[in-house]
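As you go down the protein sequences, you meet chains A and B in turn. All letters in the first sequence, in the order written, are residues 1 to 610 by UniProt numbering. All letters in the second sequence, in the order written, are residues 1 to 114 by UniProt numbering.
The reader is advised that the hints may include incorrect statements.
Unchecked claim - Okay, the calculated beta carbon distance ranges per label pair:
{"hint": "1", "chain 1": "A", "residue 1": "G229", "chain 2": "B", "residue 2": "I109", "range": "12 to 20 Å"}
{"hint": "2", "chain 1": "B", "residue 1": "A103", "chain 2": "A", "residue 2": "A277", "range": "29 to 37 Å"}
{"hint": "3", "chain 1": "B", "residue 1": "A31", "chain 2": "A", "residue 2": "M570", "range": "52 to 60 Å"}
{"hint": "4", "chain 1": "B", "residue 1": "T18", "chain 2": "A", "residue 2": "G595", "range": "29 to 37 Å"}
{"hint": "5", "chain 1": "B", "residue 1": "M90", "chain 2": "A", "residue 2": "G229", "range": "51 to 59 Å"}
{"hint": "6", "chain 1": "B", "residue 1": "A103", "chain 2": "A", "residue 2": "V481", "range": "56 to 64 Å"}
Source of the hints: derived by calculation from the structure; they are not laboratory data. Backbone N, C-alpha and C define an ideal beta-carbon position, used for all residues, glycine too.
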Amino acid sequence: MSNSSAAQKSVVWDWLTTVDHKKIGIMYFLAGLFFFTIAGIEAMLIRIQLMFPEMAFLGEQTYNEVLTMHGTTMLFLAAMPMFFGFMNFVTPLQIGARDVAFPFVNSLGFWLFLFGGLLLHVSYFTGGAPDAGWTAYAPLSTTSEGQGVDYYILGLQVSGAGTLMSGINFLVTIVNMRAPGMSMMRMPLFTWTTFVTSMLILFAFPALTVGLLLLMLDRTFGGAFFDIGLGGNVVIYQHLFWIFGHPEVYILILPAFGIFSEVISTFAKKRLFGYSAMVFATMIIGFLGFMVWAHHMFTVGMGPVANAIFAVATMAIAVPTGIKIFNWLLTLWGGRIKFTTANLFALAFIPSFVLGGVTGVQLAMSAADYQFHDTYFVVAHFHYVIIGGSVFGIFAATFYWWPKMFGYRLGEGLGKIFFWLFLIGFHLTFFIQHFLGLVGMPRRVASYLDGQGFNEMNLISSLGAFMMAVAFIFLVVNVIVSRKNTTNVTDPWDGRTLEWATTTPVQEFNFAQTPLIRDLDALWYEKMNGNGKIKAAEPLDEIHMPNGSILPIIMSSGLVVASFGVIYEMYLLIALGLLINFGCMFVRSIKEDHGYHIPVSEIKKQGGES
Amino acid sequence: MSHVDPSARLEGKASRDTERSLKRETKAQIASFVFMIFMTSTAFLTVASDAIPTGFAIPFILLLASVQVIMQLYYFMHLNSKGNAWANVMMWSGLFVAAMTVASLMLLIGVTKY
Chain A
1 MSNSSAAQKS VVWDWLTTVD HKKIGIMYFL AGLFFFTIAG IEAMLIRIQL
51 MFPEMAFLGE QTYNEVLTMH GTTMLFLAAM PMFFGFMNFV TPLQIGARDV
101 AFPFVNSLGF WLFLFGGLLL HVSYFTGGAP DAGWTAYAPL STTSEGQGVD
151 YYILGLQVSG AGTLMSGINF LVTIVNMRAP GMSMMRMPLF TWTTFVTSML
201 ILFAFPALTV GLLLLMLDRT FGGAFFDIGL GGNVVIYQHL FWIFGHPEVY
251 ILILPAFGIF SEVISTFAKK RLFGYSAMVF ATMIIGFLGF MVWAHHMFTV
301 GMGPVANAIF AVATMAIAVP TGIKIFNWLL TLWGGRIKFT TANLFALAFI
351 PSFVLGGVTG VQLAMSAADY QFHDTYFVVA HFHYVIIGGS VFGIFAATFY
401 WWPKMFGYRL GEGLGKIFFW LFLIGFHLTF FIQHFLGLVG MPRRVASYLD
451 GQGFNEMNLI SSLGAFMMAV AFIFLVVNVI VSRKNTTNVT DPWDGRTLEW
501 ATTTPVQEFN FAQTPLIRDL DALWYEKMNG NGKIKAAEPL DEIHMPNGSI
551 LPIIMSSGLV VASFGVIYEM YLLIALGLLI NFGCMFVRSI KEDHGYHIPV
601 SEIKKQGGES
Chain B
1 MSHVDPSARL EGKASRDTER SLKRETKAQI ASFVFMIFMT STAFLTVASD
51 AIPTGFAIPF ILLLASVQVI MQLYYFMHLN SKGNAWANVM MWSGLFVAAM
101 TVASLMLLIG VTKY
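Please work from the sequences and hints to get the whole structure.
Have a look at this one:
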């Protein structure tokens, strides 16, 4: 049935049933921010526990749980969803599409992620969170007491399914839904990195699914894949995990690279230097990401030949990354640089990330890695790349796209205080940890003894962490007090790409007429060579829109019910949950829903951009 | 303005060009169908006859199977037709990555004993 217009809905119902990529993007972002806050609090607890030697603030078991949840939440439920928020919101706008290719699947992906994340956090209230580290290595995870690790397995399975769906959705969207004239080599870099990231998701997540499935079979159903006594092999789990896990870290950094490319070229007022080199560097990083997983396992005993191969492959990644760094520097070269908060994060990213990259090459030397392995040196390294890369990217994107997403500009004054506090706090926390690792402090330990030379450095590190927490409070305050800045939100940065050609707030159909793209940096081209408005590729006509649906939530909750069934070995509950899930799929399949049309008069009334 | 119902029947006659290409496709499909039956019976005979040793039969059948999968994808599932370039890129790059991963994993776990 195709209605002429959508039915009026209440606000809550509208958000619960929405299939609009912009609303889903905002929900992804806010849910990610929620989990980011939780994981940040967990980080503070860790740093308080390690502030002084032999602290009894958390206790060993709780420390292990908090440590595991900090890592898991930050990677799967905070950083990735926040990037997904931006990808969802921005990518269709940047390629001139009305929505993603599968709006329903998009909404399903979001709700699966959210429910998986919440399922994971239920474990805190049911007798203990997972305590086997974010990697959940067997046999530590297969022999862990209680239900914590079961929550980890099922929570990640559910949210991982959502992530995989969203990844496929982005791929199909970018391949099929580009506006006329938007060839692959005219796509903005953020869209390119979204594309490559989605490819990584598509190829990497199945390995995680298999690893977690085997873990679940071992823990719940008496399997013996990782039970050496019955002929299993624990190292296989490590391989499976890192075949997923290494691409995962590129899933986390590539979107940030895209964001920095947008932000730097916008605020340097210059076309991105070496666009095609940037694109190919992105693809090479994506490919090499699959070829280096064993560098996480140098000390497992793979033998010198395997270690050497993976060491060389790992170092090779420094080459495309270096290409990117130099291209950003050359984009800045001679540009009219504006030091907005978004750009400050992008500029601070370059040296911070290079520091993380240098320690990465150090760690890639397998002989030296025997010394670094499982010390705070590794902790310092990956926090440098994840905070200095991904989190800086998220914050840069937050300040950059906030006007488009929420209709008001974040204050620059408070933003700069936030930036400086965060930058100094971050380096204070993690720079010292390199030396902490070099003098021998092992990672993942709940405490340390007095008189080992760890005291001062740990105290400094904790103080830095407090600084970051204070900085984050400034961000929250900024979000609240800046609500009055509703002027100049359509194109506040004099943008180059297509998303700045839309109105703010963006209309539900994005573009009244599908835009015609005439060059890379489509909007900038029109500003320089046209009248500053994007040309239309089609006459004004009514627009076909998909209907919202509540089914994604029901489907996801069905999987959560089934997950509880697996965790507590209640087979009826598993059956019930799967019944709900497949029932929803059935309903979705047989129910005809052709969406609705927005008439031309309505589009004109909303003052559509053309 | 009225909109085209995507599930509606096509009306009118196909153009000469379309007819010609359809004819060509039919021919190709029949040929590949016959070829696939031939391969299937070869596979069957390989197993059925005692003359062929098992050590040869297994890899040979696997080879036939992969040829059949590729033919199935390209001739019957239209992977060779226009507009499927990206599907091809995705499938082959996925296969490439997976094959390399599995091969190195077999080497890593098979050669070194723990």
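Ascending list of hint numbers which this structure does not respect: 5
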